[in-house]
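J.: Going down the list, the protein sequences come from chains R and C.
Note that the first sequence ends on residue 307 in our numbering; no numbers are left out.
Note that the second sequence ends on residue 1385 in our numbering; no numbers are left out.
Simulated from the structure, these hints should not be mistaken for lab results.
Possibly wrong hints are sitting among the right ones.
As the list claims (entries may be wrong) - To spell it out: a stretch of chain C is covered by chain R in this simulated footprint if at least three of its residues, at any positions, have a beta carbon under 8 Å from a beta carbon of chain R; those stretches are:
id: 1; segment: 1008 to 1017
id: 2; segment: 1311 to 1324
id: 3; segment: 1357 to 1363
To be verified - A few chain R residues that face chain C, going by a derived Cβ cut-off under 7 Å, partial list only:
id: 4; residue: 2
id: 5; residue: 193
id: 6; residue: 247
id: 7; residue: 257
Backbone N, C-alpha and C fix where the C-beta goes; we use that ideal spot for every residue, glycine too.
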Amino acid sequence: MEEWLRGLRGMILESLARHGLPFPVGRDVCTGWAEGLGLARGGRRILYTSCMYQLYPYVKSVTGLLESLGVHRGGLRARMAARGGSLARFLARPSGRDVERSKAILRSIVSLLRRGGVEVGYLYEEEPYSGALLYELGLEDDFARHAGMVVEALAGRGVEEVVTVDPHTHHVLTRVYPNYVEVPFKVRSWLELAKPTHANRRVKVAVHDSCLYARFLGMYHAYRGLLDAVGIERVEDPYVTGKDTSMCCGGPIEAVAPDLSRSVAELRLRRLSALSRTIVVVCPICLANLSRAAVDVEVLDLAEVLG
Amino acid sequence: MSWAEAFQRASENAIPRTGMVLEAYRYVVSWARELRKVKEEVIRDLDRYVEEAMSSLRAVGAKPYLARGAEEAREIVGDIVGKGKLVVMSKSMTAAEVGLRQHLEGLGNEVWETDLGELLIQLAGDQPSHIIAPALHMTREDVARLLRERLGADVPDDADHATLASVAARFLRDKFLRADVGITGANALAADSGALVVVENEGNARLTMTLPRVHIAIVGMEKIVPTFQHAVMQAAVQAAYAGLFPPTYMSITAGPSSTSDIERKRVSPAQGPGELHVVLLDNGRSRAARDKELWEALLCVRCGRCAFHCPTYMAAGPRFGAAPYAGPVGVMWAAVTRGVEGAGNASLLCLHSGGCREVCPMDIDIPRIIQRVKSRYVGRLLRTG
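Looking at chain R on its own, in the form it has when it is part of the complex (with noise of 0.2 Å):
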């Protein structure tokens, strides 16, 4: 584990020095889905996606790979896969109906945003990556240094305002920053500025909890709210959808024990498709660990769902 940690750590810095992003693929990944859209560049309200929809279907090719290598046992394949040279060959290849959809999952969200009177700039390729997942693996002096860059790089172009649209971004820049760095713009969350006016698919859906929202961010009910709104009805039962028994999609341990995230997905996704085989999700994370495990049941966004 100590040697895989110490790779994961090599290839997540490095690919941070050379692209900016924790994964060593290109900007262009994180820019392609605001085509066309007309966001302005900068601003003092912009979007923050961190990149996080956007890497969501590398994030799922990479933890598949990490699991068949068998990386948390350590041994000669946790030290090529740490070399980071394998793991780049095979993060090109997400599957491109997962690229799609994470590009259609901002689109629907930007435009969520403008039917409540909301618009937004972006910083395109110029946008920081959060440093969420430094700080997820206990890589606290990185994340403390990222931070600094993050709020520097952000306050620098005259930003006053983020709309957030994960959790993992809206939690580190609101509950964690703040123990490092101050933030001196205004950090809100997509859920609370969108107005959906109606649904896309017309069942009764699973809603699975972002950890973060349900119980670090006291936002539970916003997205039951949002879907109450356009009348998608959900199924709800207190020891699987309660706010102390919804558990986890296993997403943050991917990178560590990508064998037990898989595990704690699977069942999750028994207890959910007990209620109903349309789960939503309100995280990429989310959507990358459930979906992964997905079988006969399917893995919705909520952006996905609204509109």
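Starting from the known structure of chain R, fit chain C onto it as the hints suggest.
T.: The following block gives chain C in isolation, referenced to the frame of chain R:
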């Protein structure tokens, strides 16, 4: 049956039952809040409370000892017990933490765990999988096989739960009657009065602490609370948040047995033990009390509720922790008793889902503590490489 299925069955029983208990006995919820406040005070001033508790124990005729580490605790108890004795133990995680049973066996004593789950663990040569339900990972078929193989019991694979429990009860009854020494833990120790409170349902702890002539209690320092009232509260809170309320037995012991029935002159012993030895265990606790990030772990009353709300424990079982401590509190207790290195590997598996924090009676920010353990562990690991 897999671990995940065993977990599922246990949580389907435990979660609703605990919810019903807390709904029916609302006052226990306010006791938990009050308890947190006084426990914070004890942790802030731990040395003074240890001193007060030891002095109160002396005042009621008990013999207090302070063990700084696991080895010291083993030696103290080993000296009291000696060799060639029959020793019965009621379930104590603190005794397991210091490896007490194995030590006493090594000295040449016959030692038996008397809590059913703990006895099963002993017979199987296993480690506990949950802080209050040590044999959570065994099915009744596993138990039947174990009792056949290890105790020669005539039980079929499909024997029901009550039959299996009665086999163990019959086996243990003879041990209780012949035991020289009884060893228990404690759910609370009142600093003002030296009263120990033990909560249980099987009746084994009560027998362990009353039948043998010598009673030894091994108690983690964090179990100290200011008063007798708080000690009862702490045991009640533990039972309620474990979903076992009212508990069948709550035993209060303040000193060896005594009588004052002849001319009101108080003499000891009477029917119960003539000696009560109380070993207060530090083993990392006073270091944790001074640690700005870990201190909150010492508020834990060890109800084990958090484990049923933990996705990593659900999927990984007791390897999320460090034996004998499993689950979210297991990682926390491993950090207290073995330092950050001892909890580091498990901390990497934490999903920080936060379910544990939602249900903790002491409102301990368990995910934050584990995140801090992880961050320190990873920091040291990468620096030393």
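J.: Now, for every hint given, state plainly whether the structure supports it.
T.: Status of each hint after checking the structure:
no., hint, verdict
1, 1008 to 1017, "holds (count 3)"
2, 1311 to 1324, "holds (count 5)"
3, 1357 to 1363, "holds (count 3)"
4, 2, "holds, 6 Å"
5, 193, "violated, 25 Å"
6, 247, "holds, 4 Å"
7, 257, "holds, 6 Å"
Comparing the model with each earlier hint shows a violation of hint 5 alone; every other hint is respected.
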